[in-house]
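**Student:** This is what each chain is made of:
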Amino acid sequence: MSESVAELNPNGAATQPLGAYSRPKGGGGWRDWVTTVDHKKIGILYGATALFFFVVGGFEALLIRLQLATPNGTVVGADLYNQIYTMHGITMVFMVIMPLAAAFANYLLPLQIGARDVAFPRFNALSFWIFLAGGLFLNFSWLVGDAPDGGWFAYSPNTGVTFSPGHGMDFYAIGLQIVGIASLISAMNLIITVLNMRAPGMTLFKMPVFTWMILVVQFLLLFAVPVITVALFLLVFDRNFGSHFFNPEMGADPLLWQHLFWIFGHPEVYILILPSFGIVSEVIPTFSRKPIFGYEFMVFSGIAIGFMGWGVWAHHMFVSGIGPISVGAFTLSTMFIAVPTGVKILNWMATMWGGKLRFNSAMLFATGVVSMFTVGGLSGVTHALSPVDTQQTDTYYIVAHFHYVIFGGALLGFFAGFYFWWPKVFGHKLGETLGKWNFWTMLVGFNLAFGPMHILGLNGMSRRIDTYSPGFGFDFWNLFATIGVFVVTLGVMFFVINVILSARRARGLPPEPPDPWDARSLEWFSPNPTPVHNFDEVIEVSSLDEFWHRKWTTDEDGRVVRKATAAEVCQAGDAEGVHLPSPSYWPVVLAAGLPLIGLGLLYNLWICVPGTLLVLVSTYAWVFEPPDDPDGPFGHGHDEGDDGSHDEDVPGDGSPAGQEAGSVE
Amino acid sequence: MSSEAHAVHDTTTGISNNKLLMWAFLGSECLLFGGLISAYLVNRSRFHTGPAPGDIFDIPFTSVSSFVLLMSSLTMVLALSAIQRGDVRNNRIWLLATALLGSLFIGGQVYEFTTFLREGLGYTTSPFSSAFFTLTGFHGVHVSVGIVMLMSLVISSYRGTLTKKNSETVEIVGLYWHFVDVVWIFIFTVIYLVPSPTS
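Listed in order, the protein sequences are those of chains A and B. Residue numbers 290 to 954, in this note's numbering, belong to the letters of the first sequence in order. Residue numbers 204 to 402, in this note's numbering, belong to the letters of the second sequence in order.
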């Protein structure tokens with residue numbers, strides 16, 4: 290990375306409002322990362338943590354497939370198997386896909402709207418550390434040998450104390466609660482960043498599709514997280530304080546859990562997929578050398594998915610006895626929601642149609658999303674039909690479906706994003722040869738693993754069973770799927786090797802020159818890797834794909850001709866003395882308190898005391914800590930919430946408009 | 204120097220980040236209370252062998268405490284109006300009055316809970332009782348957090364740091380306070396005013 294905040298603020302010892310500690314100065318090394326409030330570093334932290342959990346969840350997947358490779362598998366016992374598939378689901382959903390989206394959103398969203406940072410930089414750090422605390426808390430359950438075992442959607446009454454007497458489901462409920470707090474904080478932060486901190490001239494409909502999709506996702510999180518918060522609270526109260534929300538013996542209806550969970554859970558599905566849709570909508574136009582086809586349709590279909598995602602939750606509950614009218618209504622609404630998704634697929638294909646296609650790794654992964662998500666989407670439409678769904682519920686057909694949309698849709702999209710934005714983040718490209726190996730092994734392995742599950746499911750193999758007897762016709766395809774998962778593992782290893790080799794190759798070389806892909810959006814105005822202050826001066830936006838239009842124009846014959854080189858358009862990234870928010874200890878300290886409170890609820894309430902103290906002290910210290918170090922030479926001691934402000938008498942004249950980007954002193 | 208130097212309309216929307224943050228948070232809170240109210244509604248007639256809601260509610264008492272809470276919204280408005288005029292003293296008085304009315308409401312809730320407990324409606328008595336105490340308890344916690352925020356404002360007012368320039372802080376706390384009041388109107392209607400099942 291380039292200069293840190295500390296190098297811009299070399300002022301040494303400063304007394305702080307509380308007197309008892311001195312404010313972090315950045316400095317470099319691990320302390321810089323722990324106290325950072327820079328959205329780019331937080332994005333990298335999110336990405337690295339998500340990839341770590343990806344390895345954990347992938348290891349769990351390998352164990353699942355090893356167990357199921359042959360009939361009467363004995364790799365793990367039934368009890369351990371329950372814990373492994375539950376943790377596999379929770380890890381992949383909440384600790385891989387969601388934080389990967391957060392990684393891309395954190396890094397790119399301020400850049401794409403031409404902002405200095407997010408609206409609340411310390412909140413941003415807080416949401417990362419709380420996410421990490423929640424993830425570690427959940428996985429701590431492995432160490433005490435009591436991991437959650439009720440499936441990722443944890444249907445009651447199976448999760449009550451009667452049927453789950455251990456601490457597993459407590460880890461589930463409290464761990465997800467902690468992770469949910471992180472999502473909520475991050476959602477509010479990013480919403481306000483998009484609404485309030487856009488560069489001058491950037492109206493909502495000049496924002497890149499990625500920014501739009503992230504905005505939709507943050508609204509979904511804002512409204513979906515509190516619903517699962519309620520559900521998890523009720524579960525914790527049932528298990529620990531003896532309430533009766535899900536206790537049928539007392540006349541309660543366990544279906545309440547299913548409703549609450551899926552009112553969260555279905556928007557959650559779109560929370561998982563829309564960021565990937567956004568990435569694909571950036572990658573495909575760039576490598577087709579065409580603007581996105583039907584930009585407004587792309588945006589509005591994303592918004593439509595966001596709204597309609599709230600009206601389809603009961604299609605997860607067709608066989609739970611919700612009655613024919615509900616089933617009919619949710620069948621209809623579920624089929625309708627395929628329409629905006631289909632709009633997106635067709636628009637991507639129309640973008641590529643007649644384009645000057647460059648099939649490098651990023652583009653391959655993006656087209657992989659378009660094709661694989663279509664398969665997953667079509668199988669999704671089959672179980673929108675409730676009579677068919679009655680056959681498919683709780684079979685491997687469902688497992689096949691959601692892996693096609695989450696692996697084939699979301700995860701491949703993030704890999705497209707890795708290859709596309711790697712030079713932006715780290716200053717060098719990832720290798721193309723290994724990148725193509727990475728893509729083809731993952732794509733082939735993925736289809737080998739999950740394609741046969743459609744057949745297994747239709748033949749009647751239940752999901753979540755820990756083993757099966759020979760003679761049901763399951764043997765061949767299960768072995769097949771297991772081989773497929775090992776091919777996927779090979780693909781992931783290609784990626785890891787690619788990351789290491791590319792970094793080694795780039796060592797000592799100058800960073801990638803600006804605009805390696807002939808790209809279109811604002812983040813490419815800054816040099817690679819992005820300097821700590823993002824932009825030297827504020828960008829005046831006059832059109833969608835602003836960066837592209839500064840480089841290219843059309844002549845009188847309508848041909849596209851270059852009017853400026855990327856080097857002329859890009860900023861040098863050498864502005865000095867730029868006003869930046871100062872690092873802080875308190876986000877990480879506050880986050881450390883939460884898992885202690887969780888452990889206290891499980892084992893001994895006294896453990897809650899240090900946890901609560903950490904939260905209270907750091908909250909208090911946070912409030913009295915100015916967002917910018919008043920003793921730093923460039924800090925103006927302004928309010929965190931006013932990061933997006935500028936002097937009112939200079940609207941859009943290139944001086945500190947928008948985010949005080951470019952307030953070069 | 205600090206936030207005062209930056210005018211509110213510097214952001215893209217013209218609304219300050221802090222105020223927008225509170226609006227976003229309150230939007231999220233709507234779904235939190237929506238979930239809790241749903242959990243109450245599906246369980247209101249499931250009183251098992253315990254007291255039924257229709258037998259135990261003291262509607263006149265709760266109406267009075269609801270009135271107290273609603274009046275606190277009026278004092279909150281007066282507090283904001285005072286600080287916007289630069290009247291620090293009246294601002295402090297009305298903030299204190301708001302906190303006091305809020306505390307009265309919480310006192311009423313504590314009294315109600317203990318009365319119910321004495322009459323045999325504990326947290327673990329029935330799905331109805333669990334849902335009732337959870338919903339009203341969550342609201343009570345929200346009111347209490349609001350009181351802490353109000354008292355923080357009062358303290359900073361005594362320290363001289365709450366002036367006309369940062370009247371927006373009072374406005375944001377006010378948004379939260381009014382929201383908690385509005386939610387209570389819903390909860391009061393759903394729990395007490397809609398005819399409850401009796402045993």
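Accuracy of the hints is not assured; some may be wrong.
To give an idea of the interface, some chain A residues facing chain B are shown, with a C-beta separation under 8 angstroms as derived from the structure [said to hold, decoys possible]:
| id | residue |
| --- | --- |
| 1 | L511 |
| 2 | F512 |
| 3 | L798 |
A few chain A residues that don't get close to chain B, going by computed Cβ distances all over 12 angstroms [unchecked claim]:
| id | residue |
| --- | --- |
| 4 | F526 |
| 5 | E538 |
| 6 | T684 |
| 7 | H838 |
| 8 | V850 |
Label pairs and their in silico Cβ distance ranges [to be verified]:
| id | chain 1 | residue 1 | chain 2 | residue 2 | range |
| --- | --- | --- | --- | --- | --- |
| 9 | B | Q287 | A | S660 | 57 to 63 angstroms |
| 10 | B | P398 | A | T908 | 42 to 48 angstroms |
| 11 | A | E865 | B | V344 | 44 to 50 angstroms |
| 12 | A | G610 | B | Y314 | 53 to 59 angstroms |
| 13 | B | Y314 | A | T908 | 27 to 33 angstroms |
| 14 | A | D683 | B | F270 | 25 to 31 angstroms |
| 15 | A | P899 | B | L303 | 32 to 38 angstroms |
| 16 | A | D683 | B | S266 | 45 to 51 angstroms |
| 17 | B | T392 | A | M638 | 50 to 56 angstroms |
| 18 | B | P398 | A | L425 | 22 to 28 angstroms |
| 19 | A | P759 | B | V397 | 46 to 52 angstroms |
Everything labelled a hint here was simulated from the structure, so no lab data went into it. Note that this is a predicted model, so its numbers are computed, not measured. Glycine residues also receive a C-beta, built at the ideal position from the N, C-alpha and C atoms.
**Student:** Please list, smallest to largest, the hint numbers that this structure does not respect.
**Tutor:** Result: hints 3, 4, 5, 12, 14, 18, 19 break, sorted rising.
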